[in-house]
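If you want the building blocks of each chain, they are given just below.
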Amino acid sequence: MMVSFLALGGRCFYLQFFKSKHYIDACSRQQRSYKSRQPQRGVILDCRGRVLAASNKIQIIKAEPRIIDDPKEVSSELAPIIDMGAHVICKLIVDRKDSGHVRIKAGADPCECNLASRIHRGIAVESDWQRHYPMGRLAANIVGFTDPYNRGLEGIELKYDKQLSGSAAENIFFADFRRRPIRLKQQEGTLTNGVGIILTIDSTIQQFARDELMKHYESYEAESAVAVVADPKSGAILAMVSLPDFDPADIGSTDPNNFRSRAITDTYEPGSILKPVVSAIALEAGVVNKTEKIFCENGSYRGTGFGRIGEYRRGFGNLTVREILIKSSNIGMAKIGQRLGKDRLYEGLTLFGFGRRTGIDVPGEVDGLLWPPEKWDGYSVTRIPFGQEICVTTMQLTRAFCILANGGRLVRPFLVRAIVDNNGKITELKRPPPPVGYIIKPEVAEWVVSEALADVVNEGTGKRAQLEKWQVFGKTGTANIARSDARGYSENAYVASFAAGAPADDPAIVVLVSVRKPNRALGKGYTGGVVASPVAAKIIERTLTYLGAQPDRQRQMFARTRNR
Amino acid sequence: MSQSRFVFVVFCFTAVLIFAVYLRSANDRIFYELCAYYAEQSRLKQELGTKQLLLESLINPAAISQRVDKSNTDD
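For the record, the sequence lines run as chains W and R.
Just so it is clear: in the first sequence, position 308 is 308 by the numbering used here, and no numbers are missing.
Just so it is clear: in the second sequence, position 69 is 1069 by the numbering used here, and no numbers are missing.
Hints are not guaranteed to be accurate.
[To be verified] In silico EDC-like cross-links for lysine to aspartate or glutamate, where the CA-CA straight-line distance does not exceed 20 Å: (1) R:Lys-1045 - W:Glu-218; (2) W:Lys-57 - R:Glu-1047; (3) R:Lys-1045 - W:Asp-421; (4) R:Lys-1070 - W:Glu-218; (5) R:Lys-1051 - W:Asp-109; (6) R:Lys-1070 - W:Asp-211; (7) R:Lys-1045 - W:Asp-211; (8) R:Lys-1051 - W:Asp-128; (9) W:Lys-215 - R:Asp-1069.
[Stated by the list, open to error] Residues of chain W clear of chain R, computed beta-carbon distances all greater than 12 Å: (10) Pro-110; (11) Gly-189; (12) Glu-223.
[Stated by the list, open to error] Using C-beta positions, here's what the derived DEER-type ranges look like: (13) W:Arg-29 - R:Cys-1035: 20 to 28 Å; (14) R:Phe-1011 - W:Ser-20: 44 to 52 Å; (15) W:Ala-124 - R:Val-1009: 49 to 57 Å; (16) W:Asn-458 - R:Lys-1051: 45 to 53 Å.
Source of the hints: derived by calculation from the structure; they are not laboratory data.
All residues carry an ideal CB built from backbone N, CA and C; glycine is no exception.
Same shape as in the complex, but just chain R (with noise of 0.2 Å):
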């Protein structure tokens, strides 16, 4: 009987240790995973910062206006 709790309490000494191993990786990884998905924003946050500067030098009223100069001479 006395066996048979030793071995009891060991497993649930054990599972216990496995599962807090379980949670600190687990918090590991999903902490991993939020720094990788922050920096994704913010270079997502960064090309579309670029693409609507790339945009504005497009349709500015300097861009539009040199445009349309040039589209009459060549007209």
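For reference, chain W alone in the conformation it holds in the complex (with noise of 0.2 Å):
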């Protein structure tokens, strides 16, 4: 009697000194149920506050089919009030069988989701966020997009995920055998919804580059392209378009290289585009002045370490910076190189940003290549002048020509305007604080826009970007690609591009069109001045008149009265 007493009492002790812990664990399990609250995802904006991504609370009706015993049954009577085959719900809960449950059907409304709740103890109801995206394709490349658990995969979604999701809660019931919830006990976090992002795009500007950009990708059967519209002045990007796109309500079906933003993972040796750029870099060094004349030889320059260097055209004879830039000189822009020598040229390509990321918010961006001085040869130095030998974005390419139109300050291309909270407060501006730099003096970058690259389109290679009533500038590059498989450039791939702006005398806008490998068998054309010249004109055109741009005349005759 004594022994069993004492085992007895020794066995209440055990369990209240030693396994008190474990018992109170299991016993809280027992009680409480956990339900997960996620928070509503951010919005994403454009400029004038139109959505470009929103997330909306749907109904899901879901099955059990663990819990459901006869699939057939279940299944014909809930096809009914759903509007869904039988046999399509059948197979849904037989084939996944062993899963914890199976989406039957997502968006359902109200009237269905009470009736469909009431069928089986297997058939339940759940709310859910979805992730909506009313644009589809036309900014799809610049927003991204997000997963079944709304994380983001791409683009601003992927880059502000943190920001955008917001932070999840944790409601902990008391609950019946059941396991359904009789009271409250308490909220672990707090449940916050994401900041909504506004962006700098502008959803027309981006229409009408993406419209005009198409018919032309699609008429010269070209491997991709990409179109950017930027403010010069603050480095804003009103429309950032690469072709070929994807819709983000199919992302299952999309081949996964048509995710990237093309503007700024991938590169290309530039061409004759860079021309400018390195003119006003030597016209800054003072190697070389305006009206200077530069012997362009005839058609063809050869010299020890250097090679050959041709024309695409004939010989041009002697020419000034103008009249290079006009006639696109290879052989002009060579001599250039040469007198600006490589650690002059190099610093003043990377005074222009080339090299480097520029620092944009979305993910993916790439360097570019700009080999260091110590690696140059005699033909670097002839060559990266017209555009070979280094590599670059397009959007390194659009904040270079931005620091031409801008007068030479130094700009940071930037897409997120600010961040807003849920009620619709702005609680952190994202602009890049104003250029304070120079990077070539503001009457060198001024000539560049307004003589040379206005000339280059009203008597060059740009005359399809004439618009009646503005002064455009710009510059036209044809850029062989080089071979993946063997030296030297292919013979039949270019990249056509066309960097552009308006009003010369006070740009409101830049223009970047660049489209890879145009079919040259088409016999339409390849060159950017055919190919890329008449998108940029039409989206500036397009642009300007939406922006409310007065035609030149007008502004000319204003300034004029104002004088007076």
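Each of the two chains sits in its own frame; use the hints to bring them together as a complex.
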């Protein structure tokens, strides 16, 4: 008797002092049920407040296959309510026999949910957030997309995933024996919805750019095409189109290569489009002046250490810097490069931002390629000035032309204008600080833009970009693509590009269009002047009209009246 | 006298108890109504969000441009 009591007492002591935590935990688990509350993911808006991405709550009808004994009966009861075939529902339930639950219908209306939840205890209704992209393909390469768990996978959705996601909370309930909640016990964490992001993109300008680029991309059967529209004074990107693109509502059937924003991820040798930048560096360094004539040979320039340089057309003889740009003379640029020397050329290109990321707010940006001068040879100093032996992104070129267009001031391209809280109040302005430094003197930049590059459009290779209302400035580029299987360049593969802006005397926008591998066999042309410049001109015309920019004649008249 | 006083006290006590029960149930009812209104408000908010998204998908520049192209082709 005594031993029994002692054993009982010992067991009680053991349970009380050694196993108490275990039983308290088991008891708590039994009594409580947990329900996680997911925050609403923040919206992404364009600069005029139009929705590019937003989350909305939807009702999902789910089935728990493990506790459905007769899937056929449940399916046939459920089918007329949710307007789906019974065999489809049955297949969903039977095929996923092992899983915890299976989605039957997402986006069900309240009436359907109400009726469906009464059919069987294995059919339940749950609400969840669904991401919508009302603009579809229009800004897909910029905005990106999320996975089914609302995690950002590309673009702004990925870059600002943490801010857009917010923070989840968990409700802990006292539950009955069927795990149904009776009363809220406590809440763990604070439910905070994600913040909103306002971009600098204007979806109307984005549409103009996409429309025009798409026409030429399709008509020239190009491999890919890119267009960027930027405000040269602030560096704000107003449009950034990348083709081929994708539909964010149909990610599954899209080639992952189409997800990327080619303006920042794809590099290429820019070709002649780089010439204005090198000319500006040379004018700034004083190695050449605006009136000086440079002998551009008669179609061929050969020398020790840099091989032979030819022109695309014929020889040009003596040319000024302005004429070199208008006629796009490779030999003239090679001679300017030789006068600059490798150190000054390298330093100038670095100041313009080549060889390093622009720091734009989209993931995946690459540096491009600008070798340090120690790795240069005689070829480099004569080839880089006309855009060979250097790899750039379209965004880097856009920034370089923004610098020229705004009088030589350094700008940083940016895509996110502000972050707003759930009440629409701006909490953080993401606009970079106003530029302070000058890369080149304003008079040099102004001369390059309003004299030389304006004449490229008036008399030179960019004639197709002329507009009636505004003086356009620009530079064409037709760059050979280097062969991947052998040395040298392909004779049939080109990148046709055109960098432009308007109005030339006070540029409001800079547009860069780049079309990769237009089909030369079509016989419609393949050069920047033919393929890319009409696209840029159309984008400029539609954008300036939309922005309400005054035509040149009106502005000149207004200026004259004011001066009087 | 003492009996009527006793009846009065019992009456008052019962009345207080009934009133307390009434207050308690009124509190529960109002709380329930509040929750129901709150749920209804968030449902309406969601519905508004859905409608707004629908509207956005109809009036955004891409959709308008598509419709204009379509009507031009039809003409």
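For each hint, the structure was consulted:
1. R:Lys-1045 - W:Glu-218: With Cα atoms ~42 Å apart, Lys-1045 (chain R) and Glu-218 (chain W) exceed 20 Å; violated.
2. W:Lys-57 - R:Glu-1047: 9 Å, holds
3. R:Lys-1045 - W:Asp-421: 17 Å, holds
4. R:Lys-1070 - W:Glu-218: 18 Å, holds
5. R:Lys-1051 - W:Asp-109: Status holds; Cα separation ~14 Å.
6. R:Lys-1070 - W:Asp-211: 14 Å, holds
7. R:Lys-1045 - W:Asp-211: This hinted pair is violated, its Cα atoms lying about 35 Å apart.
8. R:Lys-1051 - W:Asp-128: Holds. Lys-1051 (chain R) to Asp-128 (chain W) sits at ~17 Å (cutoff 20 Å).
9. W:Lys-215 - R:Asp-1069: 12 Å, holds
10. Pro-110: 8 Å, violated
11. Gly-189: The claim stands: Gly-189 (chain W) keeps its Cβ more than 12 Å from every Cβ of chain R (closest is about 19 Å).
12. Glu-223: 23 Å, holds
13. W:Arg-29 - R:Cys-1035: 20 to 28 Å: 27 Å, holds
14. R:Phe-1011 - W:Ser-20: 44 to 52 Å: Check passed, 50 Å falls within 44 to 52 Å.
15. W:Ala-124 - R:Val-1009: 49 to 57 Å: Taking Cβ atoms as reference, Ala-124 (chain W) and Val-1009 (chain R) lie about 54 Å apart, which means the hint holds.
16. W:Asn-458 - R:Lys-1051: 45 to 53 Å: 51 Å, holds
Hints 1, 7, 10 from the list above are not met by this structure, while the remaining hints are.
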